[in-house]
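*Asks:* Each chain, written out:
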Amino acid sequence: MIDRDSPVTEDELHAHVDGELAADRQEAVAAWLASHPDAAALIFAWRAQAEAIRARYGAVAAEPVPERLKLDRLARNGRSWRGIAAAAVIAAFLVGGFVGWMARGASAAAPDSFELLTTEALTAHRLYIGEVRHPIEVGASESHLLPWLSRRVGTALRAPDLGGFDLKLLGGRLLPGINGPAALFMYESGTGERYTLFCTRLKASRTALRYNEANNFAAVHWVEGDYGYVVSGPADKFRLKSIAKAAYEQMENRPPASNRSSADQPMSRRGS
Amino acid sequence: MAGFQQSVEATIPALRRYARALTRNSDTADDLVQDTLVRALRSEHLFHGGDVRSWLYTILTNLNRNRLRSLARRPFLMPLEDNDAPDMAGPEAGQRDIERALAGLVEDQRAALLLVVLEGLTYREVAEVQGVPIGTVMSRLARARVQIKSYLDGERPALRRIK
Numbered sequence: 032m033i034d035r036d037s038p039v040t041e042d043e044l045h046a047h048v049d050g051e052l053a054a055d056r057q058e059a060v061a062a063w064l065a066s067h068p069d070a071a072a073l074i075f076a077w078r079a080q081a082e083a084i085r086a087r088y089g090a091v092a093a094e095p096v097p098e099r100l101k102l103d104r105l106a107r108n109g110r111s112w113r114g115i116a117a118a119a120v121i122a123a124f125l126v127g128g129f130v131g132w133m134a135r136g137a138s139a140a141a142p143d144s145f146e147l148l149t150t151e152a153l154t155a156h157r158l159y160i161g162e163v164r165h166p167i168e169v170g171a172s173e174s175h176l177l178p179w180l181s182r183r184v185g186t187a188l189r190a191p192d193l194g195g196f197d198l199k200l201l202g203g204r205l206l207p208g209i210n211g212p213a214a215l216f217m218y219e220s221g222t223g224e225r226y227t228l229f230c231t232r233l234k235a236s237r238t239a240l241r242y243n244e245a246n247n248f249a250a251v252h253w254v255e256g257d258y259g260y261v262v263s264g265p266a267d268k269f270r271l272k273s274i275a276k277a278a279y280e281q282m283e284n285r286p287p288a289s290n291r292s293s294a295d296q297p298m299s300r301r302g303s
Numbered sequence: 466m467a468g469f470q471q472s473v474e475a476t477i478p479a480l481r482r483y484a485r486a487l488t489r490n491s492d493t494a495d496d497l498v499q500d501t502l503v504r505a506l507r508s509e510h511l512f513h514g515g516d517v518r519s520w521l522y523t524i525l526t527n528l529n530r531n532r533l534r535s536l537a538r539r540p541f542l543m544p545l546e547d548n549d550a551p552d553m554a555g556p557e558a559g560q561r562d563i564e565r566a567l568a569g570l571v572e573d574q575r576a577a578l579l580l581v582v583l584e585g586l587t588y589r590e591v592a593e594v595q596g597v598p599i600g601t602v603m604s605r606l607a608r609a610r611v612q613i614k615s616y617l618d619g620e621r622p623a624l625r626r627i628k
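One line per chain: the protein sequences are A and Y, in this order. Counting in this note's numbering, the first sequence runs from 32 upward without gaps. Counting in this note's numbering, the second sequence runs from 466 upward without gaps.
Be aware that a few hints might be false.
As the list claims (entries may be wrong) - If you want the footprint, here are the derived chain A segments under chain Y, 3+ residues with CB under 8 Å:
no., segment
1, 58-69
2, 91-104
3, 148-157
4, 187-201
Derived by calculation from the structure, the hints in this document are not laboratory data. Values in this document were obtained by computation on a predicted structure and should not be read as measured data. We put the beta carbon where it would ideally sit given N, CA and C, even for glycine.
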């Protein structure tokens, strides 16, 4: 039965335009539109929008696929040089802002201490990400994780929320570092990629984020307030730098620009 | 698994179209597609059946959201997103209008609208890609259409910053 006056919802109008309307409502909606010119005009406008979008972008699918997107090539090379170049440019932009900001306090520090820091962190990273059953000592769900590591390392630590990168905090462990105790937080993505954040006391002046790569792994380190931090992960420069930057910003308690939901551990502010 | 690679390969032109409309910049779009493909190839062992196409749209949509988040922390990078070519008359101008109208949308609304009208996904598929209930997809779609209409009708609100 067609009820010409049955209320038609706005959702049904969209469904009508998108071909998703239930079969038993089609006649009712059509009849309703015939007697409601305002709604019919709306439908007309939405269809015109869709047409304009298809007219503008539809032809892209008919373009020949560029070489760098050919699967054989990607399977062989991972990111092609062009992709890497593009990522490097973007990363340079992203980091550029940082370097400028950091430069106010930066001065040359002994490069050796940075090298040691990165080596230490990468060694721990390689050793523990391979662990299937015991990658961490204390799980993220245990409330004493942060107080414990903060106390041993000597500064109020935060485990940054990296959910925006599809990374979940597994937990952390305490490590013997060259300059004293070190904390290692481990994160894992839905696809099984693991990243670690390493933190230990380090006497050096502040530095901007620096990227280093070694044997399929890479690390980004920075120094802030007598502590050195290293984010390690697979050698994907753009992703790693983005992650390190997000970690850096959260550790420094700067509110993120986007209002993502934060599962951030409510740990105290960094002293200083 | 040759079938998997074939399905991925067959989706590349559609992914490029979606990425182009999403970013409105051909280089950025192809970078996104490339990252999507690399991620898909790397995660092939984690793909347990289902629709390869939806899965690829999901990866691309998430990668773009992450990209915009990191850009949003550096607002001075915004000009990269804009298409500053001068205005033209004729059909070109109409195309530019829809481009600008899309640029003014919030990312999740833009993705929902494009997946439906450009990529032809069902509401259910879009809900899966965006990881939200169908009701949320509907309201994103509705808000996108209202905003595009008011833009094209001449209200032209100031372009909002990408979230």
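*Asks:* Closer than 8 Å, Cβ to Cβ, for at least three residues: run that test on the segment 187-201 of chain A against chain Y and report holds or violated.
*Replies:* holds (count 3)
*Asks:* Verify the coverage statement for the segment 58-69 of chain A against chain Y, using a C-beta to C-beta distance below 8 Å and requiring 3 or more qualifying residues.
*Replies:* violated (count 0)
*Asks:* Does the segment 91-104 of chain A contain three or more residues whose Cβ lies closer than 8 Å to a Cβ of chain Y?
*Replies:* holds (count 9)
*Asks:* Do three or more residues from the segment 148-157 of chain A put their C-beta atoms closer than 8 Å to C-beta atoms of chain Y?
*Replies:* Violated - the segment 148-157 of chain A has 0 residues with a Cβ nearer than 8 Å to chain Y, which falls short of three.
Violated hints, in rising order: 1 and 3; the structure is consistent with all others.
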